[in-house]
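**Q** Starting from the given sequences, assemble the full structure and let the hints guide the process.
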Amino acid sequence: MSKIKAENVNVYYGSKQALFDVSIDIAEKEVTALIGPSGCGKSTFLRCLNRMNDVIEICRVEGSIKMDNLELNSRKLDVVRLRESVGMVFQKPNPFPKTIYENVAYGPTIHGIAQSKEEMDQIVETSLKKAALWNEVKDRLDEIGTGLSGGQQQRLCIARAISVSPEVILMDEPCSALDPIATAQIEELIDDLKKEVTIVIVTHSMSQAARVSQKTGFFHLGKLIEFGPTDKIFKNPDNQQTQDYITGRFG
Amino acid sequence: MSEKPHIVKSYEEQLQLLKNTIVKMGTGVEKQLENTIQSLVKKDISLAEKSIKDDELTDKYEINIEEQVVNLIALRQPMAIDLRETVVALKVSSDLERIGDLSKNISKRLTKIGTDLPNDITKNFEIAGLKASKQVNAVLNSYLHRAKDTAENVWNSDEEIDQMTNSNMEAAVKHLEKNKNDIQKVTQLLFMLKNIERIGDHATNIAEQVYFLITGDYLEGDRPKG
Chain A
-2 MSKIKAENVN VYYGSKQALF DVSIDIAEKE VTALIGPSGC GKSTFLRCLN RMNDVIEICR
58 VEGSIKMDNL ELNSRKLDVV RLRESVGMVF QKPNPFPKTI YENVAYGPTI HGIAQSKEEM
118 DQIVETSLKK AALWNEVKDR LDEIGTGLSG GQQQRLCIAR AISVSPEVIL MDEPCSALDP
178 IATAQIEELI DDLKKEVTIV IVTHSMSQAA RVSQKTGFFH LGKLIEFGPT DKIFKNPDNQ
238 QTQDYITGRF G
Chain B
91 MSEKPHIVKS YEEQLQLLKN TIVKMGTGVE KQLENTIQSL VKKDISLAEK SIKDDELTDK
151 YEINIEEQVV NLIALRQPMA IDLRETVVAL KVSSDLERIG DLSKNISKRL TKIGTDLPND
211 ITKNFEIAGL KASKQVNAVL NSYLHRAKDT AENVWNSDEE IDQMTNSNME AAVKHLEKNK
271 NDIQKVTQLL FMLKNIERIG DHATNIAEQV YFLITGDYLE GDRPKG
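Chains as they are written, first to last, in this note's numbering: chain A, -2 to 248; chain B, 91 to 316.
Take every hint as true, because none was put in to throw you off.
Within a straight-line C-alpha distance of at most 25 Å, the following computed SDA-like cross-link-like pairs (lysine to any residue) qualify:
(1) B:Lys238 with A:Asn236
(2) B:Lys94 with A:Gln238
(3) A:Lys232 with B:Leu309
(4) A:Lys229 with B:Ala164
(5) B:Lys224 with B:Arg199
(6) A:Lys232 with B:Glu298
(7) B:Lys264 with B:Asp252
(8) A:Lys229 with A:Glu25
The set of hints was computed from the structure by calculation and includes no laboratory data.
Note that the coordinates shown come from a computational prediction; the quantities given were computed from them, not determined experimentally.
**A** Take a look at the structure:
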């Protein structure tokens, strides 16, 4: 079932067009990977899904992006509410310079989700458990989040993202700063989270896209060149450009 | 799809080496089979002995290809056409090794029973053997030239060898009924005929792999059988 349906999305940075007529159906409770060379528009597209492009003044987004029939590209949309439903994890772990507990409690606090201290404790614990971090931090929740290792910080950011029970999580190269063990932990987490959440991940690692996703989209020069089941894309893509890219023949 | 070279030259070279090794192994196996059949046709047992000896090289090629494939998977993580190239090489080398083994087996039987054999059966053997050789040659060409149609033709014409084998076996049994003293020779010839039929089957397996290599799809339907 489709969770997000983008139709004819065009994005401009001033007079420069960054995305051309991108149409894509993102399935619910699946992992969709977006791949492509640097500057191909995959992150730009990802940022359309929670209106992160709003912060770039010269950026203009045209076309329709619907999440469960809610038009995300409407000026009337409550962007704060949208970001409660569509969380984001970035390339570099970016915990707040606050305690581990406060990092996770931040979202539920600003969105007024918890009614009591007990309820907040519960949310923090559940989120950290879902992010597979609880066992490592349960005895030091009052320590500063930025003191954790890179992989732990990234899982803390994922815990922070899931603390408000989002329906979708966007991940922009979430493992590019992590070692292979921390990467495997995040990938295991992605596998687990997809039972409840729709995930869209931008990655430069072909093998990571192949490992974690069910659908893959290949972007090139602002266009979605090919989109389909991940096994098909990596075993026998229809498009020559896709094949050239994933086999290292690009350029 | 026509392929551009890889950005990383050493990867391109490794894939090319893998293809070249398959072709070399295939050429060797073809020669082995030819020597085996010609040994009977020309009544020259030294050709059979050569085929037996050359099987050592075929086995070495198989090990070498396996090493190349394992290295490519471990170090390059091939994708799409490169992944098919790698996996297909492993399977094709295994079928080629079997063809080499079967040729060697026929040759060994020949060295045991000699070349003075009933003419009617050896004629049948020769026809079926040449047909199998042609199949092996065609399928190796389809691999070398990425010729999908040739692979399909090989796949479709295995039936002929199967039918030949059935009638050759019947003829051999009939010969035996009339010439009971030939029992030892004819028994060996029955195995040799069966080996030719198995060689045809391996050529067909390779045809399936070549088709998969080129298209990414599997040849559909039941393999034609005699």
